[in-house]
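Below, each chain spelled out in residue letters.
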Amino acid sequence: MFHSPVEILAAFDTGFIWDYRHELWEGFKNTMKVAAIGVALAFVIGLLMGAARAHRIPVISQIGRAYVEVIRNTPILVQMFFLYYGLAQLGYRVEAFTVAWLSIAIWGGAFNTENFRAGFEAVPARFREAGYALGFSPLQTFLNVTLPIGGRIALPSSINTYISVLKNTSLLLVISYPELTSVAYNIQANTFKTIEMFTVLALAYLAIVWTLSALIRLLEARLALPERA
Amino acid sequence: MPEIPDWFRPVAEYMLREGLPETLKIAAVAVTASTLIGLLLGTLMTINFLPLRSVIRLYVEVWRGIPILVTVLFIYWLPAFDIGPLRIQMNAYASAAVGLTLWGSAQVAEATRGAVQSIPKEQHEAAAALGLGWIGRHTFVIVPQALRRLLPPMVGLLVNIIQNTTIAFVIGVSELLETGNRQFENLTLATGNGHPFTIFGFVLVVFFIISFPLTLLARYLERRLV
Chain A
1 MFHSPVEILA
11 AFDTGFIWDY
21 RHELWEGFKN
31 TMKVAAIGVA
41 LAFVIGLLMG
51 AARAHRIPVI
61 SQIGRAYVEV
71 IRNTPILVQM
81 FFLYYGLAQL
91 GYRVEAFTVA
101 WLSIAIWGGA
111 FNTENFRAGF
121 EAVPARFREA
131 GYALGFSPLQ
141 TFLNVTLPIG
151 GRIALPSSIN
161 TYISVLKNTS
171 LLLVISYPEL
181 TSVAYNIQAN
191 TFKTIEMFTV
201 LALAYLAIVW
211 TLSALIRLLE
221 ARLALPERA
Chain B
1 MPEIPDWFRP
11 VAEYMLREGL
21 PETLKIAAVA
31 VTASTLIGLL
41 LGTLMTINFL
51 PLRSVIRLYV
61 EVWRGIPILV
71 TVLFIYWLPA
81 FDIGPLRIQM
91 NAYASAAVGL
101 TLWGSAQVAE
111 ATRGAVQSIP
121 KEQHEAAAAL
131 GLGWIGRHTF
141 VIVPQALRRL
151 LPPMVGLLVN
161 IIQNTTIAFV
171 IGVSELLETG
181 NRQFENLTLA
191 TGNGHPFTIF
201 GFVLVVFFII
211 SFPLTLLARY
221 LERRLV
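In the order they appear, the protein sequences are chains A and B.
Residue numbers for the first sequence follow the working numbering, so the first one is 1 and each next one is one higher.
Residue numbers for the second sequence follow the working numbering, so the first one is 1 and each next one is one higher.
No wet-lab data here; the hints were simulated from the structure.
All C-beta atoms, glycine included, are put in the ideal place defined by N, C-alpha and C.
Worth double-checking, as some hints may not be accurate.
[Claimed, not checked] With the C-beta cut set under 7 Å, the calculated list includes, among others, these residues of chain B facing chain A: (1) 49; (2) 208; (3) 211; (4) 212.
Modelling step: build the complete structure from the supplied sequences, incorporating the hints.
Next up, the structure:
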């Protein structure tokens with residue numbers, strides 16, 4: 001039994017972590033795999049839905065609004081349960097991996113729709129009018145004017161969404177998808193090396209999130225709109 | 001209009017009676033604590049004293065960087081330890097509230113720092129001219145004005161925390177998702193059909209009914225106040 005925080009720290013077993021490096025590495029790879037798929041899909045969904053919302057394209061825009069409000073106002077954990085068990089009840093056989101990337105992508109897509117919508121709507125109307133005056137079609141105007149400017153306005157907020165997407169992969173523990181958190185949690189449950197396992201886990205996430213944030217700030221500085229810099 | 005099946009009524013009543021109050025209780029504790037700690041840390045962060053600023057910055061970046069689930073699990077599984085005569089052993093309910101508060105206070109601190117810094121310098125000077133010291137200036141003049149700007153993000157935080165209370169499910173707190181899942185498992189054992197689509201759909205609906213008006217309120221405040 002431990003009595004003071006100092007004793008707990010003194011008993012910290014670094015060798016133990018090394019023994020489980022392969023399992024943890026597998027978990028890390030699964031986390032990154034799901035996060036990568038989730039971020040890519042969230043980008044595509046956000047771009048298309050955000051454009052539809054900003055340009056008030058009938059029907060798609062209303063569906064987009066409902067999609068965004070439902071996803072943003074309900075817990076992602078419940079969404080995962082709903083997909084995992086609900087789809088099975090409807091007769092679709094789904095693997096944990098499918099629900100993993102799907103739930104992450106749907107969630108990220110909703111937040112990104114808002115990011116891109118706000119970005120596109122922030123592009124002054126006179127820029128688009130200038131595009132039309134040059135003889136651009138609506139699609140050409142979007143691709144050549146609204147997207148390059150609005151996309152860069154949306155960049156900081158969409159980056160925050162991607163980081164949240166990555167952190168949300170930890171919730172996949174509840175559907176037993178073997179990502180980093182659930183791997184570490186299972187090792188912890190079998191060995192009772194609580195402090196060691198969770199310290200590694202917390203440091204791993206901080207390393208991933210902080211590295212990504214740093215890289216992304218660099219990218220952001222390069223892509224920032226000149227007049228806003 | 002589809003008929004409501006017989007099994008649904010007791011299930012829904014159980015979830016609303018047992019689960020919902022726990023969800024709201026954890027959310028209330030976490031939001032209150034996050035606000036108080038966050039306001040204090042965020043205001044202190046505006047002081048131009050590097051060691052203090054770095055310590056608070058580290059606090060903010062750490063608790064925002066670690067997924068809330070990992071923080072909550074860590075606290076929950078921490079072995080009991082003594083600090084002086086105090087024996088610290090967290091139960092599930094406290095672990096969830098503390099984990100959410102660490103994350104929430106980091107969010108509030110960051111928002112507060114921005115809001116306090118956006119108050120013009122003249123306000124500080126005018127308050128100083130009235131003879132107020134640093135604490136008096138901030139308590140009576142600067143922070144109350146910053147609160148106005150903070151209101152919309154605070155309502156947003158409330159929505160976030162309410163949704164993140166579902167994380168307490170993982171450590172067995174009887175909140176809304178846990179009670180729903182319990183009923184799903186009971187029905188599966190008893191009848192072979194757990195009705196997950198309806199039960200988890202119902203959990204989604206309850207959260208939506210709570211969160212959506214708050215989201216609209218946050219948006220309205222944003223337009224009105226900022």
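Do the hints match the structure? See the list:
The criterion of a C-beta within 7 Å of any C-beta in chain A is not met by residue 49 of chain B, whose closest approach is roughly 24 Å, and the hint is violated. Satisfaction of the interface hint for residue 208 of chain B is found here, the shortest Cβ-Cβ separation to chain A being roughly 5 Å, below the 7 Å cut-off. Checking residue 211 of chain B against chain A: minimum C-beta separation of about 4 Å stays under 7 Å; hint holds. Restraint check, residue 212 of chain B versus chain A: the minimum CB separation of about 5 Å is within 7 Å; hint holds.
In this structure, only the earlier hint numbered 1 is contradicted, and the remaining ones agree with it.
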